[in-house]
Amino acid sequence: MKRREFLNLSIPATGAILVSPGFINYQLEKEINAQFSNDVAIDQYDLVINGAGLSGYFAAMEAAKQGKNVLIVEKRTSPGYEITAKQKLWIGTEGFDSLSKELKRLLLPEGEKDEVLNSEGSGVNGSQFDDELLLFGGSIKKGMLRNLLQQKIHILLMTDVCGVLSDGENMRGVLLAGKHGLHTVKCNDFIDSSDNVLFSRGLVGNDYQIEKAGFVMEVLKVKNPQKKEIVAAESLGLCDQKIQIHRGKHLNDQIFLEFEYPVNSQNINEIEHQSRLFAAKISKGFSGLDNSLVEAKVEQFALESTIILKDNTLPNTNLKGHYLLANDAANLSCEELLKIEADAKKLVSSIRTIKTEGKANELLVVGAKIPFDQLTFSNPDEPGLSVPLQRCDFDFAKWVTNRNKCQVLVAGGGTAGAMAAMGSVEKSANTIVVDYFNDLGGTKTVGGVMGYYHGYKDHKFFKKQNEMATQVAYDHQMNGNTGRRLFHLMEVLNGGGKFISGAIMCGAIVKNKRVEGILICRHGKLELVEGDITIDATGDGDLAAFAGAIFSHGDSRSGMTQDYSQWDQKGGAKKFPSATGRDYDIIDNTKISELQRGLFLSHYQAHYYDFFPMLTVRESRRIEGLYILDLIDSSEGTHFDDVMTLTSSDFDPHTIGSSEYSKCGFLLPHSNVVVVEIPYRSIVPKGLDGMLISGRGISQTHNALQFTRMSADLAVLGYLTGQVAADQAWNKIQPKDYDVSALQKEWQALGYLTEDCMSKQPGNLVNDDKEITRRVKMLSTGAPEYLYECVKLPKDKALPVLKEYFNKSDGNMLLLAKALAWFGEKEGNDLIVEELKKMYVQEQKEGYLGGYVDTYDDIRGREKNILLGLFWKINQNIALLAMAQNTDCKHLIRHILGNTESGGGMVERENEYFNGRIDLKIIPNFNRIMAICFYAERVPNTLFEDGFKKLLKDKNIGGFITQEYQETRWRVYGGDLELFIASAMARCGSKVGYDLLADYLDDIHYNFKDFASKELKALTSKDYQFDSRVWKKQLSKLSYPRPTVKLVKEVEV
Amino acid sequence: MLIQFILLFFATHFSQKDVVFFQSQELKGLELTSQEQEFVILDDQEHEIPILEYRDSSGLIYWYRRVLTPVCLTGECLLIDIGIYWDCTGDFFGLEVHGEHLTKTDHSIFSVKDYQHLMGILKNDWSVLREYEFTNLVEQQEGDGVDGISGATKTEIAMETVKDAVYTTYTIWHLAHLGEKEQLVELTANQLNEKNLILKALVTNKDSKYRYFILDLLSNGKLTSTPELDSLVLEGLRSFEDPKFKKLSYNALSKIGLNHQIQKSLISIYLIASIQDKIQILTAFERPIKLTPELHACFSNDLTIDNDWFLVKLKKVIEAKRQF
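Chains as they are written, first to last, in this note's numbering: chain G, 1 to 1053; chain E, 1 to 324.
One thing to keep in mind: the hints can contain errors.
Under 8 Å between C-beta atoms, here's a sample of chain G residues computed to sit facing chain E [said to hold, decoys possible]:
(1) Lys221
(2) Gln407
(3) Lys427
(4) Gly451
(5) Lys457
(6) Gly496
(7) Leu750
(8) Arg862
(9) Asn865
Calculated directly from the structure, the hints in this document are not laboratory data.
Note that the Cβ used here is the ideal one computed from N, Cα and C, for glycine as well.
Taking the hints into account, I'd like the entire structure generated from these sequences.
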């Protein structure tokens, strides 16, 4: 593999600061990417391990050292669950000196020192407090993941083992549940080291009993926290009436409260709720509990409870190759840790795989034995993924016997889903909300993004729910985040609803195109949740996609989405080594490999204290519905008879914008704030009954999404969707037949829909003849903001009026010519060319003065949508000439191309925040080159080849295939640029373009591979999908230059 | 140094005649009587701050805080001396300016128009100011600090601040809107539980906002049931012309005592209720409360309804057979 040196490129300021923690260098990048780069050609694993807790981790490390191919599967988003998910961030010091260097480094990494701010500790990293060694959750998660990856162990996070493949006698593989569905993977041996080995207990019919449960909460602002135990009131019902206190090393006033209680339910789901309600009772009574807690505030709950079985003896297994590993780490000490390690090593060393002939012929899941002829297998669309997975499907309704039924099923309890459940229970529907996490709220809670940026915040329900959540937090001495979790839980439970937590949603139950429910996996057990109406509130459209809905993803040209984030916990520290909120790469989280890569990447870059468990993904599938909301609706204020709610934002695509509107300089990032109506039809998926969509996955275009995705708006939309679903369930009406007007009246009476909104005429003004004439007339008077107003008009109506005014020759001919060019007309192009020449000469004299739109965060709040700055005006003219298919200016464009270069490394931004955003990390001439590509792909000509070749030789432009360089996080827009150059060159007939596209088939980003593959297919009429080897072979047989191929595509609205 | 200055200011300033330089419109003509009792809430830094209770002639509570706080803007820190009023629901109600007029960066004083604009901003509890840090209100310029010479106010903030008084606007808005409401609600609830007269004043007030507030408190368990509250809930259940009143009353139904008389009243309400509202009434009876034979019979009549989900709920209540 080539290693590029980028010493000449400016390293982002935050990157430099993040040397510790989380600087991603070439070696680390290689570790992260190995699993997604077809690194090993294996068909099956020697060993699959279920559960990346301590015992699973040690077993995997040992097996890898013995040379085995290992896959470790963890249902949570991070490894180390006994310590991290349960937040038991302390271990007894006895035996510390006997720990290996590696273990000491894992527990107390050097990099965490800057975040250890409690001055009262001693020993390594100041982590020893009396007889306890204090840990950071972030350190353990980061360290365990990295150690596993370094050993080339394959890892699947957010994945659970829910079945085994067998030939009747031997282990042949496992069935995995993930948000992308059910998949099998072959293996010789399998170790179950899941929490209490619940999966295997279920599989072999071990009738276990949960005796008690434990829970931990982190508390700050504790005065003089010296006590180790508090006696609680007997009425609280805790075991031994005691709450144990453990110090935290992050801050002097930080503690962890640990308590246990006897359970009154064997349902882990209910136990998780019970733990939180106990925690709330305790915090509500802080002031009466102990003086040190009078002003204390709950910082966070543990992600899950500790489950303690009455008898934790391991059961016998039935298959050869099926092993169990105990993971009882209730009171962890260094000695205990060594014992866990020794036991894991012993088990791994004892495994003597005897490879026998024979194939799997049955699938065993908890409660059923499914013959192979009932299963269907297919290959997943996962190019580059080294884990040899096979998609597995069967008749869930037939074989899965555990069932839950309800009227309204809310799949996904995030920003929209938690509120949908609230809306549904308020309408008295029997409601179940299902979520992967044990807390509701999604992005706002487990994602940690508490603020509201934009959104229609005048909405009465929005204000109300915020008040309610804030009040709950205040009443229970919690921070806003934890209070919001409790608020959601109480709203659902008190309203008679049910929250199924910790559930991986892995399939849909569909009969005759009617969605009847979903398949979930909890603790290794598959279950069905059936609802009269199912709301897909996953935000990713997972359930709708399982059910066969039509969907789109990313922009219409390259499939690019916004970047994702994963935020660190701030705790109470005033200062961290670097910013705690970061954005990361562009990922397509509908792909297994991309989700895993995203998780790995953020683990590597997170701080050590702790980080939130959820990736906050800004953009995923958009499910096609009965109506597709678009840019025109958004920016023209379209009124719908079936309006449900309003959203509000400026255009915020976290980059420049990809559509023709943006490339031509009309639809600019952070352009004017608009209020958008969401019609009921856009939450009804086309072609499916029994389902509604809520959240960012509603039916809309990529452009519209940028106006509607704000969390304040999604919360309201979710709530109203829940009400709609309840009404449909009570009245037994299918979504497509539903009339929302009765509920509209109710919302209007409640002030949710205003009189202003409801009294508007349906539609918008873009088809109104008078309005069309007005806009064109204003444009002809020289008002540049009317250019954007005119290009949104329908072509057939606008064109005659534009021509009429242009031919009158008494107005601003240039602006009219630009509008004509947008609609593909050549009339007036000469004026555009003339202006372009002049501006270019001026730019050559003055040099690049900084791109007005390129620093788009500085242009918020403008009154008018006017393009400023020479740089972008030139780009606009180039793009408009492309829209007009103007070939006369090809020499001018060639000249500009020939004189264009990168302009240097990535532009340094003025402060840490902007410097830490990947969407702003572009080279100075990024958008100029993109504009030239935009022209070349629409007006392709071999004339451009040399200019593009020269650009690719520029060290800041060429060679960005992302698996071959450092700092993927920072280079994604470099890859984007190179790929668009490749496409433009290929369309101009250049061999370099074809070859570069073929190279991008091996890029780490799925959307890059996909774009390259689709371009090659369009250019050659062949389809070798992602197989770069075959593509390259076939491409080498072609003669070059190839005929030019013009890009023909509809304008993306 | 600043603290000493504040103490000195307090000592000299408050001893002088307390001149009010500005009073917002809502406060004018309102006869507020001090209840001579001081309460305490916590500010952002968890410091205890005194709050006073006032009442108007109808008995409505208003909470009052006198604030003397520095606003640092153009390299110097100026003190503003203001009185903030909230109504009993914790919503911002009015403002008084003491000591001297509020001033701008050019040292000019607020005009009448500026005060009007300020009040418009302060009435918006979801101003864009909510999401901004104090240090991010202006475009950064070289050498900028909070106390340094500031750049231009960010365009998106400019509309929601008084011109040339961004920090003053920001400071007052945050004092009035963040962190206080939930604490003031708690104070009000305590007063309502103790003093029935205040409760009556709220229940009978023509502004429905107060009824909604009370019902919310009742639903959240912050108020204990009284005959006035029971009547209010029953009134709300019949309030088809005010869906919010009805909705909140249904939410509060499970918190009131369901005695014989109330159950009698509920029969007529139940008979005309939608299936969803019926479910809510049935839910209220999932508590260990005995059913009157009349209500039991009324519920039993619905056993013929063709809806499994409804019947599950209905049977659960009926089969408990907890009759008077």
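Results for each hint:
1. Lys221: holds (7 Å)
2. Gln407: holds (5 Å)
3. Lys427: Result: holds, 5 Å to nearest chain E Cβ.
4. Gly451: Nearest chain E Cβ about 5 Å off; hint holds.
5. Lys457: holds (4 Å)
6. Gly496: holds (6 Å)
7. Leu750: OK, holds: Leu750/G within 8 Å of chain E, min 5 Å.
8. Arg862: holds (7 Å)
9. Asn865: Check failed: Cβ of Asn865/G comes no nearer than 14 Å to chain E, outside 8 Å.
Hint 9 from the list above is the single one not met by this structure.
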